[in-house]
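The primary structure of each chain is shown beneath.
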Amino acid sequence: MVEDAQMNDKSTILTLIRHALKTPTHAETAKLKEKYLASGKPSVEEINSILPPCGATFEENLSIFKKNADDLKADFYPVKSLDEAIENLKKIAQAENWKLIATHGNGDLKTTAEKLGLPAIYTDKKYDVHELEKCDAAITYCDALVAQTGSVIVSSRTNKGRAISVLPPHHVIIAYKEQLIPSLPEAFALLKKKYNGNLPSMISIITGPSRTGDIERILVLGAHGPKKLTIFLIA
Amino acid sequence: MKITLFIPCYIDLCYPQVGKSIVQIFEKLGHQVECPESPACCGQPAFNTGYWEESQETAVKVLEQFRDAEVVVIPSGSCGAMIKVFYPELFEGSEYEELAKSVSSRCYEFTSFLVNRLGVIDLGARFPHKVTFHDGCHGLRELNNKLPPRVLLSKVKDLELIEMTAAEQCCGFGGTFSAKFPMISTAMGDTKCASALETGAEYITSCDSSCLMHLQGIISRRKMNIKTIHIAEILAQQ
Amino acid sequence: MNPLALEFKKRATASVADVNRRKLVLTALSKFEVKRNEKVAQFKNWQKGRELAAALKWDALENLAENLELLVNNLEKNGAKVHWAATGEEAKNIIASIAKEKNAKLIVKSKAMTAEEIHLNEALEKQGFEVVETDLGEFIVQLRNEPPYHIVFPAMHLTRYEISDLFSEKLKSQPTDKAEELTMIARRVLRDKYIRADIGITGGNFAVAELGAISITENEGNARLTAALPRVMITLIGIEKVVRRMEDLALFLPMLATAGAAQTISGYNTLYSGPRKSDEIDGPEEYHVVLLDNGRTELLADPVERDALRCIRCGACLNVCPIYKTIGGHAYGTTYCGPIGAVITPRMRGIEDWQHLSYASSLCGACTEICPVKIDLHHHLLKNRRIAGTKTPVWWQKTAFKIYAKISNSPTLWSLMTKFGRLGQKLHPLIKGTKLDPAYAWTKNRDLPPIAKQTFKEWWRMRK
Chain A
1148 MVEDAQMNDK
1158 STILTLIRHA
1168 LKTPTHAETA
1178 KLKEKYLASG
1188 KPSVEEINSI
1198 LPPCGATFEE
1208 NLSIFKKNAD
1218 DLKADFYPVK
1228 SLDEAIENLK
1238 KIAQAENWKL
1248 IATHGNGDLK
1258 TTAEKLGLPA
1268 IYTDKKYDVH
1278 ELEKCDAAIT
1288 YCDALVAQTG
1298 SVIVSSRTNK
1308 GRAISVLPPH
1318 HVIIAYKEQL
1328 IPSLPEAFAL
1338 LKKKYNGNLP
1348 SMISIITGPS
1358 RTGDIERILV
1368 LGAHGPKKLT
1378 IFLIA
Chain B
253 MKITLFIPCY
263 IDLCYPQVGK
273 SIVQIFEKLG
283 HQVECPESPA
293 CCGQPAFNTG
303 YWEESQETAV
313 KVLEQFRDAE
323 VVVIPSGSCG
333 AMIKVFYPEL
343 FEGSEYEELA
353 KSVSSRCYEF
363 TSFLVNRLGV
373 IDLGARFPHK
383 VTFHDGCHGL
393 RELNNKLPPR
403 VLLSKVKDLE
413 LIEMTAAEQC
423 CGFGGTFSAK
433 FPMISTAMGD
443 TKCASALETG
453 AEYITSCDSS
463 CLMHLQGIIS
473 RRKMNIKTIH
483 IAEILAQQ
Chain C
940 MNPLALEFKK
950 RATASVADVN
960 RRKLVLTALS
970 KFEVKRNEKV
980 AQFKNWQKGR
990 ELAAALKWDA
1000 LENLAENLEL
1010 LVNNLEKNGA
1020 KVHWAATGEE
1030 AKNIIASIAK
1040 EKNAKLIVKS
1050 KAMTAEEIHL
1060 NEALEKQGFE
1070 VVETDLGEFI
1080 VQLRNEPPYH
1090 IVFPAMHLTR
1100 YEISDLFSEK
1110 LKSQPTDKAE
1120 ELTMIARRVL
1130 RDKYIRADIG
1140 ITGGNFAVAE
1150 LGAISITENE
1160 GNARLTAALP
1170 RVMITLIGIE
1180 KVVRRMEDLA
1190 LFLPMLATAG
1200 AAQTISGYNT
1210 LYSGPRKSDE
1220 IDGPEEYHVV
1230 LLDNGRTELL
1240 ADPVERDALR
1250 CIRCGACLNV
1260 CPIYKTIGGH
1270 AYGTTYCGPI
1280 GAVITPRMRG
1290 IEDWQHLSYA
1300 SSLCGACTEI
1310 CPVKIDLHHH
1320 LLKNRRIAGT
1330 KTPVWWQKTA
1340 FKIYAKISNS
1350 PTLWSLMTKF
1360 GRLGQKLHPL
1370 IKGTKLDPAY
1380 AWTKNRDLPP
1390 IAKQTFKEWW
1400 RMRK
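Quick mapping for you: the protein sequence lines, in order, are chains A, B and C. In the numbering used here, each residue's number is its place in the first sequence (first place is 1) plus 1147. In the numbering used here, each residue's number is its place in the second sequence (first place is 1) plus 252. In the numbering used here, each residue's number is its place in the third sequence (first place is 1) plus 939.
Next up, chain A with everything else stripped away, as it sits in the complex (with noise of 0.2 Å):
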């Protein structure tokens, strides 16, 4: 029963649809389709004729996606190696104080976690999510990093999930120098090419610590997701 109703619903739309779209657009409307649509979709170079600038170079790169990052309160750090970041890391774990931190159990991940010493939850395989909470910090991957807007993208196939970039106070990205994209038509080119065909559950596109301005429009950091953002880029 459900079925059917569920049928008539759809086919009534569309049907709706093809109906309302008998009527031609007006002109004017029509115009700006065919100056920009006439080859079918735009390319990431007319796109980019539109956004921001990103830099031509990789320190150009680097420098762009540095300045967004500290308008929007991230805390960016390029490092020559691994060992640079855990040390850098290991400072502030003792300034924030870290107890209990999330992560993953492989590679990069799982040595800056024996490093720091500190006692750990592994999300890439099955935990309990109350313990997930009690986290001070979460060290992860990322897909991307965007210079244009000061991006870090992230997705649940990287991070074998969705909570652990969301649900601490303190998200870290351990990034390397190839994963810096200069624009976002760039990066999303590149996404659709990864993950054509088999596309993790989530695709996250994220720009500094959680931020609210709801009240009186004053910002505040970490409404809900992580209050603080802090980026190694290993290069």
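A few of these clues could be false.
Said to hold, decoys possible - Just some of the chain C residues that point at chain A, by a computed CB distance under 10 Å:
no.: 1; residue: A1025
no.: 2; residue: L1168
no.: 3; residue: R1184
no.: 4; residue: I1220
no.: 5; residue: D1376
The set of hints was computed from the structure by calculation and includes no laboratory data. Note that CB positions come from ideal geometry on N, CA and C, so glycine has one too.
Could you slot chains B and C onto chain A? The hints should help.
Showing chains B and C alone in chain A's frame:
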């Protein structure tokens, strides 16, 4: 050049000095001025209220009157926009469609006519006062008339132009809106006057007497220390 | 006069009188405008961006049926369940039956204007579910039992003192005048809810057809948590939100954030394509997407006003509208306020009852100027007025305009009217400002200019 002048209803009735100033300015520049007896209105009030048939009754007369005019000049951004931008829409699909487009193309708001069509920016005027400018919405957004009035004011001797922060914000007149929703209209006018007073100017000027009528109404009632004057009157001062 | 129009006028009058509230709103929006202009200036070509955004949205709408079918196919391939709701009632039934089937008790919600539109919370609460708004602004107005004041900043009309009092009363928290402390109070309360919730309901900003995914924009992370922790996730989204390609978002996301919130891009922009995959350790086990019509196809049928469906709900038009700034969001008395609300409400909820919203505008055009997808907002208000004048003419007004047309077309009648007008003005002071005054709407708060001793036409005639 033979200039046909269209004097909007409220200028005819309440601000004839605006029309007189314009005639004076054009004749001094050596042009011949024509002013048809009727119609007295461009039909905007009916159009804006949704009564297009009633608007057409007046608008048709306007079109007939200006059928053979070389150029039509209107001292109002809102009436100017009505004829230039909205007449083609009002008459779309009717027997007057072509005439509407033709008249529209020969129509100018007063300041943009002076600057863009006649190429005149200095009328030898003198107005030794502090002045702030109000951008009427139709003139600003329908006719893109931001620069010409400012260019003309910059050449008036001893005039100090101080821009108010709310220069581009609607004054709240909006035609029949001012009578239908007087509480909102007046509040908007209050905000505008407050911004004008902040500049320390002695006068608010504009290309639109309708806006100025609304602002003056508030200024008089509240006994504010500022006056209103149409830009044509400033430009005619020697 | 139509009762809804009367109520609107009452509320507008009350808003105008609330000078402190108006000052708060005006100050916030003035500061916002400065920041927004800065962010717009960062774009290499903002105007081109508006044109391309309009073209992309237009293309998506012109092929809406095909795009919706593509979207649904891809969502289902990704493991999501899709439901179609022709009306708000349908949508409420679908969501309620999912909640019932899952034996849900607690539902957390992130911001969804569509949910406000259909009064979803009310319906769910009536059926015994606890529904908690997680967006800070929505959380605050939910506690106050009010609708949102602005589509992006729901509590912008409140001071922190009012919010502190509210939290003290409802949450038994310590009073404070610091925005940060108030936010932390809400954060603590809501964390528990996210973890215990059975269902997370979200709205959606874009539905990407080629990907089969819903894009959700936010700054707080509350939608991220709503979509991460509960075992069932439901998205309610209008059918007009469809865009074709993932890459289109590279333009829309920065423009949405810049126009609506003076940010280069919002804090979290997330694509959800389905429930957790087999290689994902957490995330909802089920993902339901409810596609809502509720009058959108009617608007689509109007070849001129269908561009209003391009709306990306950024709130930019509200931020610049002098009427909105004066009367605030609640005065409109309906879900969508500001210029976009004034355009679509009479079309979607009936021109007979809601035309006053299209008349409550000075047609200044600031909204059209800022709209990132180039909706011809203020001209649509004119169109709505024309429909109102044709379908539901007010006879005395129509007659008055007819008479005025005759008078202004005839030099003789105009001349007569001028003379009578002068006489009338001499007698006017006797009734000026009183209820007998025909010009009371004007003279209550303003002075009328006198008719000149010699009108322009009289002067011109004498000259000749």
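Hint check against the structure, violated hint numbers in rising order: Hint 5 contradicted; others consistent.
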